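One line per chain: the protein sequences are A and B, in this order. Here our numbering is used: position 7 in the first sequence is 8, and no number is missing along the way. Here our numbering is used: position 479 in the second sequence is 483, and no number is missing along the way.
For the record, the hints were derived by calculation from the structure and aren't laboratory data. Wrong hints could be hidden among the right ones.
[Said to hold, decoys possible] Facing chain A, according to a computed beta carbon distance under 10 Å, are these residues of chain B, among others:
no.	residue
1	143
2	385
3	399
[Unchecked claim] 20 Å max Cα-Cα, derived SDA-like pairs, lysine to any residue:
no.	chain 1	residue 1	chain 2	residue 2
4	B	294	A	78
5	B	447	B	646
6	B	294	A	76
The model shown is predicted, which means the values in this text are computed figures rather than measured ones. Even glycine gets a Cβ: it sits at the ideal position worked out from N, Cα and C.
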Amino acid sequence: MSATETAAGVKSPPCRCLRTKNAYGTSPQSAENWLPGVHASSSYWCLLTQGPAGPDEHYVHLARCGPGRSCYDSPED
Amino acid sequence: MATTKSHPAADAANSTPKKTVKMPYGVPGYTLQDVERQVPTTEPPVLPVNADLEYIGKSPKRWDAHAKVSGSGRYTADIQLPGMLYAKFASSNVPHAKVVSIDTSAAEKVPGVKGVFVIENLLGGARLLNPSLEVSRYPIVRYAGQPIAAVAATQPHIAEEAALLVKVQYAPKPFVVDMEMARQSDAPPVFPGPANQGGSAGGGGGASDVPQTGNIHGPAVHKRGDAEQGFKDADFIVESKYTTQVQVHNALETHGVVADWKPDLLTVWASTQGTASVREELASFFKLPKSQVRVITEFMGGGFGAKFGPGNPGVVAAALSKQTGAPVRLMLDRKEEQLSVGNRPSSDQTLKIGAKKDGTLTAIQLISFGTAGCGTGAGCAGPATNLYQSASLHTEENDVFINAGPAAAFRAPGHPQGAFALEQTIDEMAEKLNMQPLEFRDKIDANPVRRVERQIIRESALWKSRNPVPNADRGPIKRGVGLSQSVWYRHIEMDSAAEVRVHRDGSVEVLSAVQDIGTGIKTVMAQILSEQFGVPPQQVSVKIGDTNYPVGPNSGGSVTTASLTPAVRDAAWQAAQKFLVSVAPALGTTPDDLVLTKGEVHSKSGHMQPIGFRRAAAKMDTSEVSAQARRVPDYDPKHYDTYGGVDVAEIEVDTEMGIIHVKRFFAVHDCGRPMNPSQVINQINGGLIQGTSYALYENRLLDPTYGLMVNANLDQYKIAGARDIPQLHVQLVESYIGQSSTDASGIGEAAGIISAAAAIGNAFYNATGVRIRSTPMTPAVVLETLSKAPQRSNA
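Only chain A is shown next, with the shape it has when bound in the complex (with noise of 0.2 Å):
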């Protein structure tokens, strides 16, 4: 899973109730970042509405689920 970036350049993990197809267990080093036609071919949901979007009605994405956004739950808390 890549990080996002806040407004200030800092890398964050998305949110913990982001979910992929690709965001379950655990993949080798950088095998994410070898991929770079896979991440805009997938599909999001949001753990807490099990929809695209997330309790906040806004859609949930890669992009979308950082630090700004008010449901953000960091998973290194």
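Here the structure of chain A is known, so what remains is to put chain B in place on it, guided by the hints.
Chain B in isolation, oriented as in the chain A frame:
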């Protein structure tokens, strides 16, 4: 999860004592050689190529064949528990609305109804970012068929009747179900907008810096080199538009679960591609320790990517079981399956490539729009990005929101769409360059295995029978032959473990939580134990699909065989060593003196005559020995491989009726070491059939007036039937890459679904001399395509 961190397993692997081994590398008969690898000292001996093995690489009958054909295999819908209730969703019948109120009183009064669950509870603690945009107690309805509530009753028909009595008051909103309309600036917005989310833009991979304008979410831009300069440098440029439709997964078994909530354990039987994913999400959702959630998938009727996690059916069934104190079964019907649990997004692609006279690609540019309904995931640049070498690349992928069910990952996400455009464009360029399709691909495709595959194609009778010039047949029925290539990637899931037990009676068993999604991992696991212990596969006990066993990989992205089989082999090897330790005293020697091979225990020193495995097992000093192993990281993690194939289609086009008849496919594919060639070929057969169905028939139709899907069934949603299926001839190419103790990889994604539509498209051109640029290639599309062709002649 941040990319700057290395994986702990990789770190551990780096510090593990290593030994140097020589492994087979390349394609037997073409490029086979040895490669040196540094591997952990605990790894088993290197496996030779398949020709030198007894069980691995062979095709024993499916381990569970009898259970499948006799009906004794238990699928989720077969689970019957005492006092079990049947649940049914109450779903929206409007495509876009705010739910004002939900009245469940009438449903609750129906005799036999034991529980009603309104999905507002799924939202947990909603914290609106901007309350003025969309305030709602209940989830906003964004597509017709969205689950709103569920009823649990003693009988299925009671649940169905009661679900109809759930009264929902809607405040309708404007909606849009047509992607072209949704792209307009004045289209009704599916979402209120990105709002105050400036802080979350950016990210890695193809999803970096994704803006949103109206319903257009994108573009996700990927650049390599200077495409503008690349087109200036080109001697020839080909630019075309292609469109593909929405395809629905339609696995034979629908989504569903049986949930049994007890105070100390939630047990869930699930039709899932990931027991681990269902366990993880239910534990997270209900805030339970994972140790108190057990997920079971004994048999599973397909998923194609749409069955990860519990989804709404799993969460709602578990909640209803908790509420009612009884087990609850919730299986979707076919209509719900088509509306609410996933699909393959459409695409509208403008693809432009530039090449020099010698065939060197100077630029590839893809601008794509696609709709994943109210979800995202319509990117399709995978093939354009990864299949060919080009001096420059520029891709822009856009999701277009419409009021339709969200997409889900679907077998090789984005790739059938992308290949349909790319592979036809490559053929167009080859014609401009006055090169043959195979010759041009030899120039621009660096993958050594596909080079071998093209050579096999080149020498095939089918390819040699291809029309030397398009539109060669004189009559109204025109025959054509065309090809397409495919590409997929090596994914590994490190959460892959197995336990192997050896018993004193000589029986062996293997356990893992991995699920068999229908592709045959049980058989492959049995083969690995057979190779180690010399016991025929049918005598190996395979126990999988239960989170009580060691964690198994989720089956998506073609990861299962590549991830799990090394763990199984390592566990088998370690159990065998423990077995030798256990029997050595009784055999009057030391473990170091013993070797277990081909079902016999041998003494290196000649201390004794070889003794059969079963007889030796009777001398074990305990009743059982066991070993558990987890996936070891790939031996050379810096070296990543892609997989794929080259598929040739032979078709006949009835130019008067507009009917395409796909007569045959000749498919040449690779997937590392084929562990069970028959099962690999089965998957490719399935992919070619699914791809043919996608190319010619399948199409989700939405009514623009009411926003409803008008063919949410398997009558009007046409899927290829027996008479539509072409002859299928598959040839596997063994390809050794020296990455694990089995050196196996997956095949599910690259197995024909990527390339079938593109190969049919190229065959159509070879037959008619006209490019077909839309799927499904229905008679209407075919006739329209032919009618617009300039100066078409039957002569």
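Comparing the hints with the structure gives:
1. 143: holds (7 Å)
2. 385: holds (6 Å)
3. 399: holds (8 Å)
4. 294(B) with 78(A): holds (18 Å)
5. 447(B) with 646(B): Answer holds: residue 447(B) to residue 646(B) is near 18 Å, not above 20 Å.
6. 294(B) with 76(A): holds (17 Å)
Checked against the numbered hints given earlier, this structure breaks none of them.
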